[in-house]
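Novice: Chain A is fixed; fit chain B onto it per the hints.
Those sequence lines, one after another, are chains A and B. Note that my numbering has the first sequence beginning at 44, numbered continuously upward. Note that my numbering has the second sequence beginning at 44, numbered continuously upward.
Quick caveat, the hints were computed from the structure, so don't treat them as lab data. This list has only true hints and no planted wrong ones.
Which copy is meant is left open, so a pair is good if it fits within one copy or across any two.
No farther apart than 27 Å at their CA atoms in a straight line, the calculated lysine-lysine pairs in the DSS-like style are these: (1) K182 <-> K141; (2) K125 <-> K143; (3) K77 <-> K314; (4) K167 <-> K357.
Number of protein chains: 2
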Amino acid sequence: MRQSQLFTRTRREAPTDEVSKNAQLLIRAGYVHKEMAGVYDYLPLGHRTIQKIIQIIREEMNAIGGQELFLTALQDASAWQKSGRWDDEVIDVWFKTKLKNDSEVGLATTHEEALTNLMRDQIKSYKDLPFSTYQFQTKFRNELRAKSGIMRGREFVMKDLYSFSKDKAEHDAFYEVAAEAYKKIFARLGIGDKTYFTYASGGSFSKYSHEFQTVCEAGEDIIYLDEAKGIAINEEVYNDPEVFTTSGLTKETLTQAKAAEVGNIFTLGEKFSQALDLTYMDTEGKPQHVFMGSYGIGPGRVMGTIVELLSDEKGIVWPEAVAPFRFHLVSLAGNDEVLREYADTLYADLTQAGKETLYDDRDLRAGEKFADSDLMGMPWRIVIGKNTVATGEIELVNRATGTVEKVTREALLDL
Amino acid sequence: MRQSQLFTRTRREAPTDEVSKNAQLLIRAGYVHKEMAGVYDYLPLGHRTIQKIIQIIREEMNAIGGQELFLTALQDASAWQKSGRWDDEVIDVWFKTKLKNDSEVGLATTHEEALTNLMRDQIKSYKDLPFSTYQFQTKFRNELRAKSGIMRGREFVMKDLYSFSKDKAEHDAFYEVAAEAYKKIFARLGIGDKTYFTYASGGSFSKYSHEFQTVCEAGEDIIYLDEAKGIAINEEVYNDPEVFTTSGLTKETLTQAKAAEVGNIFTLGEKFSQALDLTYMDTEGKPQHVFMGSYGIGPGRVMGTIVELLSDEKGIVWPEAVAPFRFHLVSLAGNDEVLREYADTLYADLTQAGKETLYDDRDLRAGEKFADSDLMGMPWRIVIGKNTVATGEIELVNRATGTVEKVTREALLDL
Chain A
44 MRQSQLFTRT
54 RREAPTDEVS
64 KNAQLLIRAG
74 YVHKEMAGVY
84 DYLPLGHRTI
94 QKIIQIIREE
104 MNAIGGQELF
114 LTALQDASAW
124 QKSGRWDDEV
134 IDVWFKTKLK
144 NDSEVGLATT
154 HEEALTNLMR
164 DQIKSYKDLP
174 FSTYQFQTKF
184 RNELRAKSGI
194 MRGREFVMKD
204 LYSFSKDKAE
214 HDAFYEVAAE
224 AYKKIFARLG
234 IGDKTYFTYA
244 SGGSFSKYSH
254 EFQTVCEAGE
264 DIIYLDEAKG
274 IAINEEVYND
284 PEVFTTSGLT
294 KETLTQAKAA
304 EVGNIFTLGE
314 KFSQALDLTY
324 MDTEGKPQHV
334 FMGSYGIGPG
344 RVMGTIVELL
354 SDEKGIVWPE
364 AVAPFRFHLV
374 SLAGNDEVLR
384 EYADTLYADL
394 TQAGKETLYD
404 DRDLRAGEKF
414 ADSDLMGMPW
424 RIVIGKNTVA
434 TGEIELVNRA
444 TGTVEKVTRE
454 ALLDL
Chain B
44 MRQSQLFTRT
54 RREAPTDEVS
64 KNAQLLIRAG
74 YVHKEMAGVY
84 DYLPLGHRTI
94 QKIIQIIREE
104 MNAIGGQELF
114 LTALQDASAW
124 QKSGRWDDEV
134 IDVWFKTKLK
144 NDSEVGLATT
154 HEEALTNLMR
164 DQIKSYKDLP
174 FSTYQFQTKF
184 RNELRAKSGI
194 MRGREFVMKD
204 LYSFSKDKAE
214 HDAFYEVAAE
224 AYKKIFARLG
234 IGDKTYFTYA
244 SGGSFSKYSH
254 EFQTVCEAGE
264 DIIYLDEAKG
274 IAINEEVYND
284 PEVFTTSGLT
294 KETLTQAKAA
304 EVGNIFTLGE
314 KFSQALDLTY
324 MDTEGKPQHV
334 FMGSYGIGPG
344 RVMGTIVELL
354 SDEKGIVWPE
364 AVAPFRFHLV
374 SLAGNDEVLR
384 EYADTLYADL
394 TQAGKETLYD
404 DRDLRAGEKF
414 ADSDLMGMPW
424 RIVIGKNTVA
434 TGEIELVNRA
444 TGTVEKVTRE
454 ALLDL
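One chain only, chain A, in its complex shape (with noise of 0.2 Å):
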């Protein structure tokens, strides 16, 4: 894309009220805006980029056989009075609305009842069982307090994979196959080295829950890891001993840190299934509850953390997995006709090429440029300056290391 053309521009200041790096950073470049605390739209190249993780998570949910499909935000009292969430002092984050006929309606914080009522039309038999099925769906939720940018919004976008399964050991096997796939999930998205596989607190039919935890100042959890195993202890069950057996770590080896849920696998058993009366008949025709589990992953919540982990005082820095452009092609062209017709002809070729490149064909001074080509994150930048037609070598920045090489035209075709 020619960046002439994109309409968002960079800004030397965030707002004053913006009190997180992550949103700082990606309003000045451009990538959200902030309509209030905990509620930000996603401008073009925010887009760009949350749609790359939404992608990636979209192929591992694929690939271990999660069916997409799409429910509603809004939420009708019944479903959730019959699993007692629908109370206030229950889900403290609801927003309730009303239609015109005055009976009141939610806004989902989460899709456990409306799933679980409508699996009643879906699931009959054993034959029924396994599945899983997933979601990318904005959830809503009024917190009190929202200052995490768009690492905890009041409205954001969810993957949300429910499983459903004939009993507890169906449901375990499911488990970890999930829990392998969010491994694959965080290693693409290029957080897999800071991400830990965490115990934390679980339900009646599970001791325990599994978080997928970041290594990152701006988190809001501490947990107690072993750096060697990748495996971590949530602070809120470091004190049960029972965890250390299940989780086969010992406290001299567990450093405490820092740390930000990118996601989370819960099993639910037969919570939702008893409330809201889902079952199957079983090969004896008897019925029986449907055994659950619930695996979330925010994609904004993990854009806002790589921004926290890898930018440096510059600005963002992209993984390639995840940037809106691989290539951020910068001309220096100025009024130079030939040096102007040599850039075009690279973006053209890039582009047919299927290298995605932003091109930065403003009519701005060098400094302009490379300060919001740095601030902007993307992976590779390309300088075309005086010397590259003369000499055909083209400047290759590094962004995350900062390394300059000077390739031919050719190699960087094949990058």
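Specialist: Leaving out everything else, chain B in the frame of chain A:
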């Protein structure tokens, strides 16, 4: 996808409270689930279908330079108070709710205010114009009644594009381009021949707006159409003599018809840029108000219209471009292992060749499978039965026409 793994099932009867044909069929075929009146979940088949529609629209919006973004549903009152549309008597379909600090927020019914407001940070100079930006985003509208299935929702995804131009001339040029893009979209969606470019009431900056109206008994509008020209006049402006001069139509060639509004394009002019003070500096350094337009399509409305228009007594009939799967491979193998293996291999080969196929590998009677297949509406049914292996001939049924052909395996893989 193997149908034995798809978690949805077909049902003989729609819920008794569902009066619209589109929702009745879509619920029976397992495409959607009704949460409440006007609020529908998209199950895997429905999600695939609406995503096909969305992707076609996206491609055509990108082709005219539209930059995709994603705005929030939660809306602060301030921008809407400036435009005068916060009041429930001005917009009578607001859903409103409250933050913890008791301040009122609304759920966006549309996004002119939010977008005009955020552009104040982005648009500075005449050099920044023109451009357009769009999204696929959930709108909430508190409709008093919602009896048209997915054609009129209280919560629905909408594609809304907004254009920003220096003046009316620049705007008019883009408006023409957008109108042509819309014609392409409806042609690609398979309803081009039934969709009319329709003159409707405008606003202060343009006497008429334009709707794209698809002739359809379930539609809520009355239009007067010229079949040869593909142009129509909405009843609401039919008694204005000027509309005939502007449209070039004459009463004598027009036929009255019921129609569904599947898209609209609208000259907003300076209505919002004046209210929210969105200006740019012109070449002489003087501030000027930005000239705007808005361009909507409801993908769910389109999906519902297609069902209303093309279905028959047996069920849904999808056009190839929007069907969740192009082929429905129906295996009548029963206990015949050779036949089952033949069908399995054909399914693998079709998938390998990139032909999207739903494979009915379930252990059911032929009659049930055919009834399901008719109800679900994939464009081509492939039947693998007793004689297939012996004769090498595969039965191929066209869902729309009912035509049955015998084709070879090779011909099928080339289709």
